[in-house]
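With chain A's structure known, arrange chain B on it following the hints.
There are 2 protein chains.
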Amino acid sequence: MTIKSDDVKLIGGWQSAFVWRARVALNLKAVNFEFLEETIGQKSQLLLESNPVYKKIPVLIHGGKPIPESLIIVQYIDETWTSGPSILPSDPYDRAIARFWAHYFDDKLSPTIRPLSVAQGDEKKKLIKELGEGLVLVEDALKKISNGKDFFGGDQIGYLDIAFSSVLPWVRVIETLHEVKLVDEATTPSLVNWGEKYSKHDAVKDVLPEHEKLVGFAKFFIAKFVAPAASTSPH
Amino acid sequence: MTIKSDDVKLIGGWQSAFVWRARVALNLKAVNFEFLEETIGQKSQLLLESNPVYKKIPVLIHGGKPIPESLIIVQYIDETWTSGPSILPSDPYDRAIARFWAHYFDDKLSPTIRPLSVAQGDEKKKLIKELGEGLVLVEDALKKISNGKDFFGGDQIGYLDIAFSSVLPWVRVIETLHEVKLVDEATTPSLVNWGEKYSKHDAVKDVLPEHEKLVGFAKFFIAKFVAPAASTSPH
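Respectively, the protein sequence lines represent chains A and B. The first sequence maps to residues 302 to 536 in my numbering. The second sequence maps to residues 302 to 536 in my numbering.
Isolated chain A (complex conformation) (with noise of 0.2 Å):
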């Protein structure tokens, strides 16, 4: 099914991690949508009307109502745009995993990820740790859920795909960041097939950036907003 344009929009932004989750949902979906991009370091009055609680991107509109958070968003579109491929699984108790493990990615993997980027000396290296032992717990998961085969979702990516969309291209900006390997054969190399599969599909292919790219607006970012916050702290 495809709704007309005027119908769906994204605010979002190319380099919002959890913004790529809306996106492929969208693609996975073939749903046309308008992608209003915000300014980095401004938010539109259109967003601020769509998300007064959280003021944050990706926020879906959909006929003039507004849904915020990525992963709401993800389901919603699943559960709206029900004859393109099912996103979630279809039994109860796969559906509980799949929402336990894209809530871990959020509530553990994500929020370590933000503050390396700019940290240094111990704080880096406990971070790097923590890090390094999640994405061994989520090698496991995908090994396990997966069946052996590419994605979360086995044949078809899936819930858990889309939700993964948001950690791995950031931790390889950290990898480049910190000269470390934290996803690599050794370790976790399903994640690694994931990787290079994930980038590849169709719905996914000029949703992901360049991973240069993604370097340097990290560079840039650090630069114009972490660094000089920084440096006015009083700690």
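Heads up, a few of these hints could be off.
Which copy? The list can't say, so a pair holds if one copy fits it or any two copies do.
Under the rule of at most 20 Å between Cα atoms (straight-line distance), these lysine-lysine pairs were calculated in the PhoX-like manner [stated by the list, open to error]:
no., residue 1, residue 2
1, Lys445, Lys366
2, Lys344, Lys366
3, Lys356, Lys366
4, Lys366, Lys444
5, Lys525, Lys514
6, Lys366, Lys427
7, Lys450, Lys427
Keep in mind the hints are simulated off the structure, nothing from the lab. Predicted model, so just to flag it, every value in this text is computed and none were measured.
The following block gives chain B in isolation, referenced to the frame of chain A:
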């Protein structure tokens, strides 16, 4: 539909706000279950095996398969025992809004309530202000979502009512511990009404502990686990 009690187990504790959610959802669906209470301050082998990632209650075990995380458990119960009353709304947009506010409770309100039980001075003032502002947002959301009826679910309790189970009784404990008013007729009349009606609901009344019992537990817990840790902290 009533399931044999040995098919469904819930690892929990009478005092845990997140466990209340799972119990109310099971009661609403008339599911018989065995309630396995953890000893406070300890973790059973079954809990460690059933939720190795977080090691936290509640965990639902259905036919030997463990499901952690209270909101995931409630959704699982809704999707598994479909012949009982629906917990989530049927419309995808209403479901998204319900998921949004449930996320808000866990992301913003609960993390304020926990440190408030022991906060003092400026930190206490700051957290009380934050919590009060959050509860005003929830008051507005309740009015809008309930269409002026008693519950988030309208005339019946639903997902958001069950999610808010874990918030209001502990807000009442904070009010008693700090001699403040956070939910009252002047600022949040709909939440006051909600609290009165919700606690008397058949699926709820044997789940939520008496206020005085909960205050007693909070004082015991602070004295036994929080205060000693604070006094040996290097900060």
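Hint check results:
no.: 1; hint: Lys445 x Lys366; in the structure: between (38 Å within a copy, 14 Å between copies)
no.: 2; hint: Lys344 x Lys366; in the structure: within (19 Å within a copy, 44 Å between copies)
no.: 3; hint: Lys356 x Lys366; in the structure: within (16 Å within a copy, 38 Å between copies)
no.: 4; hint: Lys366 x Lys444; in the structure: between (38 Å within a copy, 18 Å between copies)
no.: 5; hint: Lys525 x Lys514; in the structure: within (16 Å within a copy, 52 Å between copies)
no.: 6; hint: Lys366 x Lys427; in the structure: neither (42 Å within a copy, 33 Å between copies)
no.: 7; hint: Lys450 x Lys427; in the structure: neither (32 Å within a copy, 50 Å between copies)
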